[in-house]
Amino acid sequence: MIQVRRVRFRWRRALTVLLTVYFTIWIGISCWHMVGLWREEQQWHQKIAVAREQQSQLRADVRQLQNPTAVKNMIQGTQPIPDPAVTGP
Numbered sequence: 487m488i489q490v491r492r493v494r495f496r497w498r499r500a501l502t503v504l505l506t507v508y509f510t511i512w513i514g515i516s517c518w519h520m521v522g523l524w525r526e527e528q529q530w531h532q533k534i535a536v537a538r539e540q541q542s543q544l545r546a547d548v549r550q551l552q553n554p555t556a557v558k559n560m561i562q563g564t565q566p567i568p569d570p571a572v573t574g575p
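Each number in this note's numbering corresponds to the 1-based position in the sequence shown with 486 added.
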């Protein structure tokens with residue numbers, strides 16, 4: 487009679503390896519997305535800083551235009567007119 491040798495398959499170990507690989511992949515994907523969100527946040531911070539700078543310049547221009555003496559000097563050409571390029575597109 488031929489003896490058939492039974493091969494044992496370790497289900498617990500295989501399941502542990504599969505779950506470890508699965509979670510490692512998703513952790514990597516999550517980290518990739520977090521880096522993308524961090525970069526996007528940095529871009530928004532830069533845009534906000536530019537907008538704040540433009541806002542402060544516009545406020546200064548409005549204060550200057552509310553001064554009648556400054557407006558008179560602009561009309562006469564002794565004082566420069568505020569830059570309209572600051573308003574942006």
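Incorrect hints may have been included.
Unchecked claim - With a cut-off of at most 25 Å between alpha-carbon atoms, the simulated DMTMM-like pairs for lysine to aspartate or glutamate come out as follows: (1) Lys533 to Asp547; (2) Lys533 to Asp569; (3) Lys558 to Asp547; (4) Lys558 to Asp569.
Said to hold, decoys possible - Derived Cβ-Cβ restraints for the label pairs, each shown as a range: (5) Leu551 to His531: 43 to 51 Å; (6) Thr506 to Gln540: 48 to 56 Å; (7) Val493 to Ser516: 34 to 42 Å; (8) Pro566 to His531: 28 to 36 Å; (9) Val548 to Gln528: 29 to 37 Å; (10) Glu527 to Pro566: 31 to 39 Å; (11) Glu527 to Arg499: 39 to 47 Å; (12) Gly514 to Val493: 30 to 38 Å; (13) Arg499 to Ala535: 49 to 57 Å; (14) Gly522 to Arg549: 52 to 60 Å.
Please keep in mind that the hints were generated in silico from the structure rather than gathered at the bench.
Every value quoted in this text rests on a predicted model; they were computed, and no experiment measured them.
Beta carbons are placed, not taken as given, at the ideal position from N, Cα and C, and that holds for glycine.
So, going through the hints one by one against the coordinates:
Between Lys533 and Asp547, the direct Cα distance comes to roughly 21 Å. Compliance with the 25 Å bound is thereby established for this hinted pair. Straight-line distance between C-alpha atoms of Lys533 and Asp569 comes to about 20 Å, which keeps the hinted pair within the 25 Å bound. Pair hint Lys558 plus Asp547 holds up; C-alpha atoms about 14 Å apart against a cutoff of 25 Å. Between the alpha carbons of Lys558 and Asp569 the distance comes to roughly 17 Å, so the proposed pair stays at or under 25 Å and holds.
A beta carbon spacing of about 31 Å between Leu551 and His531 contradicts the range 43 to 51 Å that was offered as a hint. With their beta carbons about 51 Å apart, Thr506 and Gln540 fall inside the hinted range of 48 to 56 Å. Checking the proposed 34 to 42 Å range against Val493 and Ser516 shows it holds: the Cβ atoms sit about 37 Å from each other. With their beta carbons about 32 Å apart, Pro566 and His531 fall inside the hinted range of 28 to 36 Å.
Remark: the range hint 29 to 37 Å for Val548 to Gln528 is upheld by a beta-carbon distance near 31 Å. A hinted range of 31 to 39 Å for the beta carbons of Glu527 and Pro566 is consistent with their spacing of about 38 Å. For Glu527 paired with Arg499, a C-beta distance near 42 Å keeps the hint of 39 to 47 Å intact. At roughly 33 Å, the beta carbons of Gly514 and Val493 sit within the given window of 30 to 38 Å.
Restraint check, Arg499 to Ala535: a C-beta distance of roughly 54 Å satisfies the suggested window 49 to 57 Å. A hinted range of 52 to 60 Å is violated for the C-beta pair Gly522 and Arg549, which are about 41 Å apart.
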